[in-house]
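From just these sequences and the hints, can you work out the full model?
First to last, the protein sequences are chains P and A.
Note that the first sequence covers residues -9 to 386 in my numbering.
Note that the second sequence covers residues -9 to 386 in my numbering.
Simulated from the structure, these hints should not be mistaken for laboratory data.
Each hint should be verified, as a subset may be incorrect.
Copies of one chain are not kept apart here, so a pair can be met inside one copy or by any two copies together.
[Stated by the list, open to error] With a Cα cut of at most 20 Å, we get these calculated EDC-like pairs of lysine to aspartate or glutamate:
{"#": "1", "residue 1": "202", "residue 2": "317"}
{"#": "2", "residue 1": "290", "residue 2": "266"}
{"#": "3", "residue 1": "20", "residue 2": "276"}
{"#": "4", "residue 1": "375", "residue 2": "361"}
{"#": "5", "residue 1": "13", "residue 2": "362"}
{"#": "6", "residue 1": "48", "residue 2": "351"}
{"#": "7", "residue 1": "375", "residue 2": "347"}
There are 2 protein chains.
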Amino acid sequence: MSVKFAVLGHGVVGSGVVELFYKNKNSIEKRAGTEMDIKYILDLRDFPDSPYKDKFTKDFNDIINDDEVSCVAECMGGVEPAFTFVKACLEHGKSVATSNKELVAEKGDILLKAAKEHNCNFFFEASVGGAIPIIRPLHRCLAANDITKVAGILNGTTNFILTKMYNDNMPFEEALALAQKLGYAEKDPTADIEGHDACRKICIISSLVFGKHVYPKSVYTKGISKVQLSDVAAADVLGYAIKLVATVTRQPDGKILPAVMPMLVSHENIMAGVNDVFNAVLVYGDGIDQAMFYGRGAGKLPTASAVMGDVIEAVKHKVTVFSQSWDSADNDLFVDDIDNFTSRWYFRVPAGSDTPEGSYEHEDGISFITEDKLTFTQAAEYSAKINALALIPVLD
Amino acid sequence: MSVKFAVLGHGVVGSGVVELFYKNKNSIEKRAGTEMDIKYILDLRDFPDSPYKDKFTKDFNDIINDDEVSCVAECMGGVEPAFTFVKACLEHGKSVATSNKELVAEKGDILLKAAKEHNCNFFFEASVGGAIPIIRPLHRCLAANDITKVAGILNGTTNFILTKMYNDNMPFEEALALAQKLGYAEKDPTADIEGHDACRKICIISSLVFGKHVYPKSVYTKGISKVQLSDVAAADVLGYAIKLVATVTRQPDGKILPAVMPMLVSHENIMAGVNDVFNAVLVYGDGIDQAMFYGRGAGKLPTASAVMGDVIEAVKHKVTVFSQSWDSADNDLFVDDIDNFTSRWYFRVPAGSDTPEGSYEHEDGISFITEDKLTFTQAAEYSAKINALALIPVLD
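Dropping the structure here:
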């Protein structure tokens, strides 16, 4: 018997899923243990030249009402209509594999509940870190660990821009324009450069690791648009690279503290070497100490590869995989306030200021890193007191 | 109902499994979906002060004849008696999770067959890369990819020594003595420094990725004992770090070519930043482009964490997971000869030699990297012709 699945959306990722499936059909079927085929591709646009033009439909009802379709790859992006479509699929017992991080970050708890109730699966490996296997290793291979902290470079666009600033001394605006020219950044780059994309991904990771849904609105998020070339250069001299880091830490009181911010990453840290559009996720646990997962965080085939891997899993698991799930949660009780974020801090102050030993004086001021750890509030107060021109936390 | 398992061997890894299990028992049981306990610990030594002393046995028959034991963690090391014990467990339908790379590299095909025939599982995540989840991501999350090449830093001891040579200009013998002092190297360090340990691990990876058993004797293996400080320093100036790299590549004719050798890794490659006792595995596929998995490749709790993760998997999967398997194979037909290994090469020649532009002259000679790719045989011939003092392939 051949398993039939549908692909929702024929944009970059959706068309990649179709391409990769037919390219590696034999080995995919071997892995899945069954013959497989795509029965429908949903898109409102026409693709008269596609070799699969007979599979296209503009009507979602064709898919939802077809009992032969047991699995759906959702590659549309955005909360709606993806949420309505995915929920309907799950309620009809059709497993869903999605690359849509916005959907998972905003509605994951609801969709996981629907999957459980209808004994099918909602898989989302492709929603974080593109091609990098991170969701499944996190929930399965690390099952024996008490995970205390995760830190990641989760947005390829901002990492490309910061790499250009670092390697080529290219100002932010110019690096952004280049990223747009190369297709790494959208025309409206807000979601990337202001950290919203990374925020959605750390929400998904936090929810999975700590078992309760963390919503994007609960996460302090700061982008890279204010990062200055002089700080990138000064941080380098002090032994650090500036990266947009998404972190989540379990606090001593059991609450968790997720955040997205530019941070100084020590050259000794393997994450400092993650450049260009690559992503990486560093996981800290009591058994493993630390492990990192690295790869292309976006792009047609890398993301399609993760979606397709989930489709294969869905075909193989005909009942709900409970452990890859989390519950709805009141974030006020569970998510700590950013005021309790604690780290060492990088400061840049005007020339002539009184600064500690080991400071680096350059043409845009004097840069130094505090020896002591300060909370977010303490750092802001100290910054005002010393008339700091820049303050950036250090990832420890 | 509570699931009972046994731990074979109470050395570093075995005692780590016991420690980690009782430390995280609650969350492990939640992940496994059932209550669990250790019923036996097999070791010939006495542990009168252990809090689990009632569980110790010196008689393997206690375990094999106890129907209540459904799963076994094998942490003894070496081929025998581990092979006899593990095979007996599988033949009695008891799933096995092992950290024993020698066992998997030499006898994996036989044990996987036994597991299939008795509808249980033989899992070995801990045998490669210690804590790093690599076996499961490789076979599962990358299921949709055509994997063409894998390159890894798979031995922590040699990576520690090479890091000391690079960072501290410490000669090989001194770095080895330090590794022994710190407990990173055995008294007899042959298996590590001559590459045998890395060889076993690339055998396991090759077998899993390409579906046929690759035996250690089929793999060209060269260790790091001949690596000179002057080459480490010269490679750095030329833009490379010297690492002990285990690779496997699919050749144009479909054969595969595994090898273990010191290689030059470009500073642009994320693997060049993998230092100290850390391991990393870089995977190349048509969908993902490249992905890297990084973490502690050895040590008590990291390895125990991987074993425990497999025990949880074994508890959850009561039938054989077929896809994580491979077949016996005639390596003469499947494994290519090292003579067909092709790369650019680093040469060091005596002062006064005629060398290409971009060469680096230093007190121990002149170092350069060929622009053209040469086979293993061509490189050796050229080396003899120019009286080379060192030749090392470049990882491309």
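Which of the numbered hints above does this structure break?
-> Violated: hints 5, 6.
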